[in-house]
Amino acid sequence: MIRAVNLEGLALRRGERTLFEGFDLALGAGEAVALTGPNGAGKTSLLRAIAGFIAPAAGQIAFLGEAGALEADEARRGDVHLLGHQDGLKPGRTAREELMFQVGWTGGDDARALAAVETLGLTRLLGLAVRHLSAGQRRRLALARLAAAPRALWLLDEPLAPLDADHRTQFGALMAAHLAAGGLILAAVHDPLPIAARTVALGG
Amino acid sequence: MSALARLFRRELALAWSGGGGPLLALGFYAAVTTLIPLSTSPDPRRLAGVATGVAWVALALASLLSLERMFERDFEDGALDLISLGPLPLEAVAAIKALAHWAAAGAPLALAAPLAAIALGAPVSLAPLIAVTAAVGGLVFAFVGGLGAALALGSRRGGLVIALIVLPLIAPPVIFGGAALDAFAGGLPWTTGLMLLVAYALAAIALCPFAMAAACRNALS
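Line by line, the protein sequences give chains A and B. Numbering-wise (our numbering), the first sequence opens with residue 6 and increments by one. Numbering-wise (our numbering), the second sequence opens with residue 182 and increments by one.
Please note that the accuracy of each hint is not assured.
Ranges of calculated distance between the beta carbons of each label pair, as one might list FRET restraints [what the hints assert, rightly or not]:
#	chain 1	residue 1	chain 2	residue 2	range
1	A	Thr128	B	Pro353	49 to 57 Å
2	A	Asp114	B	Gly367	52 to 60 Å
3	B	Ser336	A	Glu21	18 to 26 Å
4	B	Glu272	A	Ala185	34 to 42 Å
5	B	Ala186	A	Ala134	54 to 62 Å
6	B	Glu272	A	Ala62	23 to 31 Å
7	A	Ala116	B	Asp363	57 to 65 Å
Cβ-to-Cβ under 8 Å is the rule here; a few derived chain B residues that face chain A [unchecked claim]:
#	residue
8	Ala184
9	Arg187
10	Arg191
11	Asp224
12	Val238
13	Ala260
14	Asp363
15	Ser402
Some chain B residues well away from chain A (every beta-carbon gap over 12 Å; in silico) [what the hints assert, rightly or not]:
#	residue
16	Leu205
17	Leu219
18	Arg227
19	Val231
20	Pro289
21	Gly302
22	Val305
23	Gly340
24	Leu350
25	Ala360
26	Ala366
27	Phe391
28	Ala400
By construction, these hints were calculated from the structure, which means they are not laboratory data. The beta carbon of each residue, even a glycine, is placed where N, CA and C say it ideally should be.
Using the sequences and the hints, build the whole thing.
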């Protein structure tokens, strides 16, 4: 299990443009970091670099477990959860089919998925096709996947955007539970997170 | 349920559903093979001469139809991100996607191919060999086609790009399969063509997943 993530001297380039250079961040178990910055500062790119989709132009991304450094690709495949702008749900399939596949794929089981569905109040939506869900409902379905899969590092990109006030509070409780269990959260946000979090500014 | 089985089930369900899949491919196949006698001549002798060839070319075209959906949908809605962070490497994911595509479109087409050829006047004794060559050829279409689909990720009009990438690469199996059928119908030794077709399919199955995974990683970065 990932206990810490260390970024050292990280630089990211997209095409000709350098997004940022010399970025350092240490994230430990039970800690949440809110990543802020103007549009285009590289918040999404940073999350995708940690998830292994973008190769950094310079610097190190290291995952540490109980017994020292972890092999990066292995850590990503087993213990990293990225929730991007899109929820990754197929419009033509039912909420249940999508959730059960995604939870199973990321290492959870049906019982955990149903518990998360209960917590997020999605029970009545499970039989519906995803195309009939609102943006907020889809996001909650994606959050249920997050909560049901036992993965330590959550990389969240604007997780709150489509949620109403009640569901933001509810999501705050989920995040608090995740941190209490030794999880790590790095979230790119424009609005403040509903939990206590260290703020790190990117660019600007 | 293992991750492998879980992904295969999902891919198969996606390939079967949503207004595409086998019905679309079979309908297209039936339409093309019906158009040939209408556009050339209904003379049975002339048709019988081209029956197997037409059945094969129509098969290749029908296999192209739903290729675009193999990676593009997952790429567009963000599911490919999630799948990349799963327990299996992208190479295995790509191979499973291509296999599921074959099971949903290639296998039904392989069953329909002998019917189409016989309807056009091919001898009934050819039916088993047509089904076998179509099934093996379908594997090539699925794996090479998957490579085209992965390379075209993110491009507009991906379907057209895929067809242009894939058609030259599936020329050899069309030639091998057609040659085997011709030789069989003429009472000549026919196993060479079939063996070459199988060899091409094995090479495609062994190599294409790596190329598909590399193309997906490139699109995701």
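Hints and how they fare:
{"no.": "1", "hint": "Thr128(A) x Pro353(B): 49 to 57 Å", "result": "54 Å, holds"}
{"no.": "2", "hint": "Asp114(A) x Gly367(B): 52 to 60 Å", "result": "59 Å, holds"}
{"no.": "3", "hint": "Ser336(B) x Glu21(A): 18 to 26 Å", "result": "21 Å, holds"}
{"no.": "4", "hint": "Glu272(B) x Ala185(A): 34 to 42 Å", "result": "37 Å, holds"}
{"no.": "5", "hint": "Ala186(B) x Ala134(A): 54 to 62 Å", "result": "24 Å, violated"}
{"no.": "6", "hint": "Glu272(B) x Ala62(A): 23 to 31 Å", "result": "26 Å, holds"}
{"no.": "7", "hint": "Ala116(A) x Asp363(B): 57 to 65 Å", "result": "59 Å, holds"}
{"no.": "8", "hint": "Ala184", "result": "6 Å, holds"}
{"no.": "9", "hint": "Arg187", "result": "5 Å, holds"}
{"no.": "10", "hint": "Arg191", "result": "5 Å, holds"}
{"no.": "11", "hint": "Asp224", "result": "45 Å, violated"}
{"no.": "12", "hint": "Val238", "result": "31 Å, violated"}
{"no.": "13", "hint": "Ala260", "result": "4 Å, holds"}
{"no.": "14", "hint": "Asp363", "result": "42 Å, violated"}
{"no.": "15", "hint": "Ser402", "result": "5 Å, holds"}
{"no.": "16", "hint": "Leu205", "result": "14 Å, holds"}
{"no.": "17", "hint": "Leu219", "result": "35 Å, holds"}
{"no.": "18", "hint": "Arg227", "result": "44 Å, holds"}
{"no.": "19", "hint": "Val231", "result": "39 Å, holds"}
{"no.": "20", "hint": "Pro289", "result": "20 Å, holds"}
{"no.": "21", "hint": "Gly302", "result": "40 Å, holds"}
{"no.": "22", "hint": "Val305", "result": "40 Å, holds"}
{"no.": "23", "hint": "Gly340", "result": "19 Å, holds"}
{"no.": "24", "hint": "Leu350", "result": "28 Å, holds"}
{"no.": "25", "hint": "Ala360", "result": "41 Å, holds"}
{"no.": "26", "hint": "Ala366", "result": "43 Å, holds"}
{"no.": "27", "hint": "Phe391", "result": "16 Å, holds"}
{"no.": "28", "hint": "Ala400", "result": "10 Å, violated"}
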